[in-house]
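Using this note's numbering, the letters of the sequence shown correspond one by one to residues 1 to 277.
Hint data in this document are derived by calculation from the structure and do not stem from the laboratory.
Every value quoted in this text rests on a predicted model; they were computed, and no experiment measured them.
Check before you lean on any hint, since a few could be wrong.
Listed next, the in silico DSS-like pairs over lysine-lysine satisfying Cα-Cα at most 30 Å (straight line) [as the list claims (entries may be wrong)]:
#1 K71 x K178
#2 K146 x K178
#3 K178 x K234
#4 K185 x K234
#5 K185 x K146
So the derived label-pair ranges between C-beta atoms look like this [what the hints assert, rightly or not]:
#6 K71 x S43: 25 to 31 Å
#7 T23 x Q149: 36 to 42 Å
#8 D121 x D99: 34 to 40 Å
#9 N266 x G106: 30 to 36 Å
#10 E51 x K185: 42 to 48 Å
#11 L44 x H145: 37 to 43 Å
The beta carbon of each residue, even a glycine, is placed where N, CA and C say it ideally should be.
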Amino acid sequence: MTSTTTGSESFNDSHVLDPAASTATQEAISAEIAAEHDAYAASLRAGGAPETQPRTDFAPYRSSLLRHPTKSLHHADPETIELYSPAFGQRDVHALESDLTIQHNGEPVGERIVVTGRVLDGDGHPVRNQLVEIWQANAAGRYIHKRDQHPAPIDPNFTGVGRALTGDNGEYTFTTIKPAPYPWKNHHNAWRPAHIHFSLFGTDFTQRMITQMYFPGDPLFGLDPIYQSITDAKARDALVATYDHSVTSHEWATGYRWDIVLTGSNRTWMENEEGDH
């Protein structure tokens, strides 16, 4: 039984497709994705350049039209930008901030995992002292955010955010809980593959890159217009972490390895900062 409230969405209605969202079926979205990829393959056969970054406008990803500037870019004063940039608290990054499973009084629910890798430049050299932040949904596919109201439980012992600095070899390591897929309102019955958001900063707030790490073998890959907005298959595959048994800990956590390349032809896909999926 569904309950309703006037002028707002009740918790029991939170799973119902927003009338303002697209009513396209998954089949229609998948057909659009296939058409985009077929057109890309044809351009490659005709001598076109590979596309290793997502298209600014990717029709199956309905809100992609709204997630990029529509006017000419202008140079900005970095000091002015930093007045409006994220605040990271009143202290330096602590090593314990990279463990998302110890931030509360109890143990979070779900599969404990370790995610590790290296941040590299385009020539394969390590990037040290890089600020890396992550945020993610919990083991039920729920974010701690007022905009996430779908009927999945919030874990009181899991906030889903962490940060770390890369070491001398560009390495980073996070301990966290494996996130679950979650619904979003791009189209009817739309689900995002499980993923972790990564944010990397350079020497100031104007040097920020945001990307997503996925898990191997996810059955939702072929259905997701955000993942599929990267038309080049090799570039898409670079977003998928590798299970690494040497990272796995006995009776404690499974392990994944994922490197991030900041520049060059093998650069890791990066998204617009406005993206929240």
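Evaluation of the provided hints:
This hinted pair does not check out: K71 and K178 have alpha carbons roughly 39 Å apart, beyond 30 Å. At most 30 Å may separate the alpha-carbon atoms for a hinted pair to count; K146 and K178 meet this at roughly 21 Å. The straight-line distance between the Cα atoms of K178 and K234 is roughly 24 Å, inside the 30 Å bound, and the hint therefore holds. For the hint linking K185 to K234, the alpha-carbon distance of about 27 Å falls within 30 Å, and the restraint holds.
The suggested pairing of K185 with K146 holds, with an alpha-carbon distance near 16 Å, which does not exceed 30 Å. Our hint of 25 to 31 Å for K71 and S43 holds, since their Cβ atoms are close to 27 Å apart. At about 20 Å, the CB distance of T23 to Q149 disagrees with the hint of 36 to 42 Å. The hinted window of 34 to 40 Å between D121 and D99 is violated, with their beta carbons roughly 27 Å apart.
Taking the beta carbon of each, N266 and G106 are about 41 Å apart, not inside 30 to 36 Å as hinted. Here the CB-CB span from E51 to K185 is close to 26 Å, at odds with the stated 42 to 48 Å. One distance hint, 37 to 43 Å for the beta-carbon pair L44 and H145, holds here, with the actual separation near 39 Å.
Consistency with the previously given hints fails for numbers 1, 7, 8, 9, 10, ordered from lowest to highest.
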